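Let chain Z serve as the given structure and place chains S and U on it in line with the hints.
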Amino acid sequence: MVDFLDVCERASKGPMMPQRDFDLKVFIPTLRRVLEKYNIKWEKREVINTDDRLADRVFEAAIEFYEGVGTYVTDTERVIKFSREEILDGIREAPKEVYFGEGADRYVMRGNLPDTNELVHCHVGSGTETSIEYALRLVEAYARIKKGKTLSVPIVNMVRHVRTASGSPAEVLAGIRCLQIAREGCRLAGRPGLAISSMISSCTSGGTTIAATAPQFGGRPSDGWLIAPTSELKIDYSELMKVPYLMSWGANIGQEQGPVLGGYAGGPEGLAVVNTAYAFHGVLVARADYHITYPIHMTYVCSSVPEVLWAVSVSIQGIGRNMRVPYYSLLYAAAGAATKMFFYEALANILTLVSSGAGVEDPHPGKAKIKDGATPIDSEYSCELVHALKGITRKEANRIIDRVIPKYIDRIADPPNGETVDQCYDLDRLKPKPHFEKLYYDGVVKELKTDFGIELYKN
Amino acid sequence: MNEKIKDQLKNAIIGGNTEVLLKNIDKIIRSKKEDPLKIIQDAMIPAIRNVGDMFGRGEIFLPEMLMAAETFQSGMKVIEPKLIDSGRRIEKIGKVVFGTVLNDIHEIGKNIVITLMRTHGFEVYDIGANVSPITFVEKAKDVGADIIAMSALMTTTMTYQKDVIDYLREEGERDKYIILVGGGPVDNEWAEKIGADGTSDTAPGAVELAERLILERKREAR
Amino acid sequence: MISFIDVLERAVSGPMMTQKEFDMKVFIPAMRKILEKYKIKWERKEVINTNDDLADKIFEAAIDFYSEVGTYVIDTERVIKFTREEILEAVEDAPKKIYVGEGPDRCIMEGRLPDSDKLAHCHSGSSVNITEDLGMRLAEAYARNTKAKTLSIPTVNTLGPLKVHSGAPTEIFAGIRALQNAREGCRRAGRPGIAFLNMVPACAKDVTTIAATAPQFGGRPSDGWLVASVAEMKIDYSSLNKVAYLTAWGANIGNEGSGLLGGYAGGPEGLAVLNTAYALFGILVVRATYHLTYPIHMNYVCSSVPEVLWPLSVCIQAVARNIKVPYISLTYTAAGAATEMYFNEALVCLLTIISSGSSVHNPHPAKGKETNSFTPVEMEFATQLAYACKGLTRKEANEIIDKVIPRYLDKISKPPKGETISQCYDLEYFKPKPHFEKLYYETVVGGLRKEFGINLYNY
Chain Z
2 MVDFLDVCER ASKGPMMPQR DFDLKVFIPT LRRVLEKYNI KWEKREVINT DDRLADRVFE
62 AAIEFYEGVG TYVTDTERVI KFSREEILDG IREAPKEVYF GEGADRYVMR GNLPDTNELV
122 HCHVGSGTET SIEYALRLVE AYARIKKGKT LSVPIVNMVR HVRTASGSPA EVLAGIRCLQ
182 IAREGCRLAG RPGLAISSMI SSCTSGGTTI AATAPQFGGR PSDGWLIAPT SELKIDYSEL
242 MKVPYLMSWG ANIGQEQGPV LGGYAGGPEG LAVVNTAYAF HGVLVARADY HITYPIHMTY
302 VCSSVPEVLW AVSVSIQGIG RNMRVPYYSL LYAAAGAATK MFFYEALANI LTLVSSGAGV
362 EDPHPGKAKI KDGATPIDSE YSCELVHALK GITRKEANRI IDRVIPKYID RIADPPNGET
422 VDQCYDLDRL KPKPHFEKLY YDGVVKELKT DFGIELYKN
Chain S
33 MNEKIKDQLK NAIIGGNTEV LLKNIDKIIR SKKEDPLKII QDAMIPAIRN VGDMFGRGEI
93 FLPEMLMAAE TFQSGMKVIE PKLIDSGRRI EKIGKVVFGT VLNDIHEIGK NIVITLMRTH
153 GFEVYDIGAN VSPITFVEKA KDVGADIIAM SALMTTTMTY QKDVIDYLRE EGERDKYIIL
213 VGGGPVDNEW AEKIGADGTS DTAPGAVELA ERLILERKRE AR
Chain U
137 MISFIDVLER AVSGPMMTQK EFDMKVFIPA MRKILEKYKI KWERKEVINT NDDLADKIFE
197 AAIDFYSEVG TYVIDTERVI KFTREEILEA VEDAPKKIYV GEGPDRCIME GRLPDSDKLA
257 HCHSGSSVNI TEDLGMRLAE AYARNTKAKT LSIPTVNTLG PLKVHSGAPT EIFAGIRALQ
317 NAREGCRRAG RPGIAFLNMV PACAKDVTTI AATAPQFGGR PSDGWLVASV AEMKIDYSSL
377 NKVAYLTAWG ANIGNEGSGL LGGYAGGPEG LAVLNTAYAL FGILVVRATY HLTYPIHMNY
437 VCSSVPEVLW PLSVCIQAVA RNIKVPYISL TYTAAGAATE MYFNEALVCL LTIISSGSSV
497 HNPHPAKGKE TNSFTPVEME FATQLAYACK GLTRKEANEI IDKVIPRYLD KISKPPKGET
557 ISQCYDLEYF KPKPHFEKLY YETVVGGLRK EFGINLYNY
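Residue numbers (my numbering), protein chains in the order written: chain Z, 2 to 460; chain S, 33 to 254; chain U, 137 to 595.
Only chain Z is shown next, with the shape it has when bound in the complex:
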C-alpha cells in the first residue's frame, strides 16, 4: 500500500486548486459520470438493497470515482490522488480486523457479509452534549451493558464556568476531564478495559484531541481515534495530524464520515457511491483500522428515511462483499428519547445495518442535538435488537421495515422532542423511571414481539 509519507508528500505537491474548483469541476462531474457509466439507480422498490450485483457495481463505481477525485487537503489546497492500482492495493491490504480494549474487555471487530449469521458489532454510548453532573453515571450505565463492546462518552463542554470552544485550551482541559470520567465510569461498571473507540467527544480539533487523550491522562492505544473529513472527501491538517501520531504509537485509527444526502453527493445513488469511496480514503489517507459512517438527510438531519437507508445499505454491502473491513454505522433518529417514534426509527435503522452486515452504534435520538437527550435505554435497546436480529436476511428485514417506516415517516419533518435523561431515567439507580419503563417494556418490547416476532432479552 502507498506509504503514509508518500501521502504526506502528495498533500503538499498534488494538483493545486481552490476548494470550489474541486467541488464544481472535479467532484460533481466525476460523480455524475460514474453514476451514468455504472447505471446506479434506486428503483425505490425496496429500502434495504437485496441486489448483490448492484452493490458490486456501486463498489466499482466508487473505485473509479475516487481515482478521478482523490482527497482534497484544505490547508494546502492540493489534491492527494491515487491511481486505480493503488486503490486496489489499499483494498487488498486494508486491515480486516481490529482489536479493542484491554484484559477481560478485549474484543476483536471484523467485517461481515450481508445476510450474515455472525453477530455484528455493538457500540454503545453517545458523544452528545451532556450536563457534567450526569456524565459519570451515564458512562457507568452504558458500560454496564455487557453486549456493548466499545463505547462513546458524553461531551463535557464546561470547565468550571468556562465554556469550551473548538481548538481552545479549555477544550484540552475538558477533554482530559471527559476521559477520566469515562475511565472511572467503566471501572465502576466492572469493565475497566472497555475501549473508547471515538476518542474523545469533547475535543474537536486534532491538537486538543491528542493533548487530552495522551497516555498520562488515560489514553490507551487499544482505544480508537476517529479521523474526520469535511464534506465531501476533504481533510485538513488538524485531522490529518492525528494519523502520524497514532501510527507511531500503534493505536487504533478509525475513519469516520457523515456524507449528506442532498449535498455534493446529490441523491441516494450519489450518496451510496461517495460513502463507499470514503472507505478507500479511510484506508489510504487516514490509515484506518476501522470505519464508521453516519449519513444524514440534508433537510431532516436524520438517517431513518428510505433514501438514506437504501444508500447506506447498498454501500455497506458493496464494502462488505469486496473489502470486508471492520465497519459500523451510527444512524440518527429524528424523534427524541423516550418516544415510541424513536424506537421505530431505531428499529428501521438497525434492521438495515444488521442485515447488510454492518456493526451498530446505538441510534442517537433527537438528531443528537438535544442536550442530555440520550439515555442508556437507547443503547440497551440497540444491543438487544442486534442480538435478536442476528442472522436476519435482507429480504426478511425489508418485510419488517416496510411496516415500520409508515409508523413514523409522516412525522419526520416535525418529530417529538422527547425527554431529557433526567426526565425519564433514574441516574441513581440506573434504570428508567416508571413512565419510561412502561413505555419501553410494555410498549416497545412487547410490540416488537407481537407485531414483528422480534424477541428482545432472550439471550
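Don't take each hint at face value.
Calculated lysine-lysine pairs in the DSS-like style (CA-CA distance at most 25 Å, straight line) [said to hold, decoys possible]:
1) S/225 / U/299
2) S/171 / Z/14
3) Z/439 / Z/459
4) S/55 / U/161
5) Z/408 / Z/147
Keep in mind that the hints were calculated from the coordinates and are not lab data.
Since the structure is predicted, the reported quantities are computational estimates derived from the model, not experimental observations.
Okay, now just chains S and U, sitting in the frame of chain Z:
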C-alpha cells in the same frame, strides 16, 4: 508653498500629530491659496519619506513610524478627494500584496516593511498571516498587484513561499508579478532556489529592492 | 495566584479589539507613558547596567505597563487583563526553583542575583537547523559536555528526501525522530536523564509538539516545553493549548517571550521594560516555571550590539532582583561559527549575561539562520566561561566588553559567514578540526588569558 506652512505640515507628520495636521490642512483648504497637489507633493510626501529614512537609519523606531504613517493617512483621506475632484491623482509607485505564509502567524517583520513601503509611496494590501498560496495569487489578481511579497519566520513555513511561485507557474502567470520573499530563515540562496526575484535582510533594504525592481520593470515595459 | 481557568475565561470575555488597535491604541501609548513616568533613560555610559535603582525602576515600570496592556489573544481578539495586585501576587507565587532531568542528571534551576558569586546554570545546545544525519551525533556531542546541565536539541526539518512543512503531518514524524535521536545521543554520552528544555523545535504548532513529545515517544514531565508569545504581548490558542496540556501533566513550561529592538517597544528603554513585562506575562498566562529571553536588533538580527545588550542586562537584573525566577538568556551573534568575530561577540554577550544574573546559553552564530552552523566548541566556550567568570561583577565585565565591542562593531552589518560543522568539526572523534582547534585554543583561549586574565581551562 509658504515655508512656514510646509514645516508645520511636515512636523505634524514626523511627530505623529494627527490633530495638528488635520487642523493645518483644513486651514489651508479653506484659504484656497494652495493647490492640494502641492500640499501633498511638497510637504506631506517628503515628510513621510523622511520618516522612513529616519527609521532606516535607526533614528526612530516602529512606534514613531507607525504613528507618523497613521497621521499621514489621516491627512491623505482629507486631501486626496480634493485632488480627485480636480481630475488628478497621486501616482503610486506600485501595488503590493503582502502576507505571512500558510501556518505562520508572525507578522511584525511584515508590518515593519509594509509601513516603510507605504511611506515610500507603495500601495500595500496587507492580507495578514497564515495565508494560503491561492489566496496570495487571487488577491494579487483582484487588485492588479505589481509585487507579491511573502514573509516566513520558520524553516518549515518558508517552503510555502515556493508553493506560491509554483502555483503561479502552473497558472502561466509567473511573469506577471515581482516576487519578493523575506523573514528569519530566508536568504539569497533560498530566494534564488525557489525562483523569487529577491530578498533582503533588512526592512529598508526590502523597500529599496522593491523600488528598483519596479522601476526596472517599468523601463522594460516602455 | 489567579488560576489558569480564570485566565482562560478572560481570554473569551476580556475587552475586544483588533490587533491593530491593541498595537496602536493600547501598547504603544502605554509604553510611551510608562517610559516618561518612570524616566527610563539609557545614558549610554555603560553597556551592562550597574545601577540597581534603575533595574528596580524598570521592574516597577513593567508592572505598571503590564497592568495597563495585558495580553492579547489572537484567536478571540480579546485582551486578558490583570490588576496590579494580581501581578504582584503572581510575582510572589511564581516558581523560583524547578527540577529538571532524571536520575544523576537531575538538577535544580533557580534565579541568581547580579554580581553573584553563585555559578550560573549552564544550558547548552541549539535549536538551529540541522540535517537529519547529524541529529544523534550532535546530541551526543552536546551531552558530553558535563558542565551543561540542560540541553536544547536541534531542529530536523527533513525526512529523507521530504521537506517538513509547518503544520503538516510530517512535522510530527520529524519531531518524534528529533526527540528519539536526541535521547539516544544523550544515552550514548552517558547522560540519559538530561533534560531538554526546548521540546521539540522541529515542531512549531501545539498539535505537532504535543503529539511528537508524548510520553510514549520519550517526552518526560521533567523536560521543558517552550511556549511562545507573538510580537508583542500577544498569544494564540496554539500556545495556550500547550499550557493546558502541560499544566495538567505537571511538566515544566518555559516562557519564550522577547522583544525586538526597533519594533513596537521602540528603543532600548522600551525593550528593557517590555522584556521585563514578558516575565510577568510568562508567569500569569503561560504558567511558566522557567523563562527564556532572546532580544535582537531589528536590522542586524543579532544581540551583540550595545543597544540590545543594555536592555538585556537591565531586564535580567530587574527580574533577578525582584522576581527571582529561573531565567535563561539566549543571544545571537552576527558572525558565523569558527570565526574570531563570533567568539568576540559571544564573549560580550556571555559576560553581560553572567554578570547580570541570568543562566547561560551559548550564543547562536550567524543569527541562527544557517543549517548545520553550530559546533560543540561554541557550547564549550560558553560553559567554560560561565565557570571561569563565576563571581564576575558587572563593573569588571564592562571593563572587558568596552575593549571587545570595537573589535567587531563595524563589521556587524557584513559579518563573516563562518563554517558549517562538517567544515570545522570532527563528529567522529568529537573534536575541532586542526584549523579550528588552532583558532580556538591559541587565538581565543590564549587571547582571553593574556589580555583579560580569564583562564578558561584552569580556574
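Quick rundown of the hints versus the structure:
1. Distance hint between residue 225 of chain S and residue 299 of chain U is fulfilled; the C-alpha atoms sit about 14 Å from each other, no more than 25 Å.
2. At most 25 Å may separate the alpha-carbon atoms for a hinted pair to count; residue 171 of chain S and residue 14 of chain Z meet this at roughly 22 Å.
3. The straight-line distance between the Cα atoms of residue 439 of chain Z and residue 459 of chain Z is roughly 19 Å, inside the 25 Å bound, and the hint therefore holds.
4. Our distance criterion of 25 Å between C-alpha atoms is met by residue 55 of chain S and residue 161 of chain U, whose separation comes to about 21 Å.
5. Straight-line distance between C-alpha atoms of residue 408 of chain Z and residue 147 of chain Z comes to about 30 Å, which puts the hinted pair past the 25 Å bound.
Checked against the numbered hints above, the structure breaks only hint 5 and satisfies the rest.
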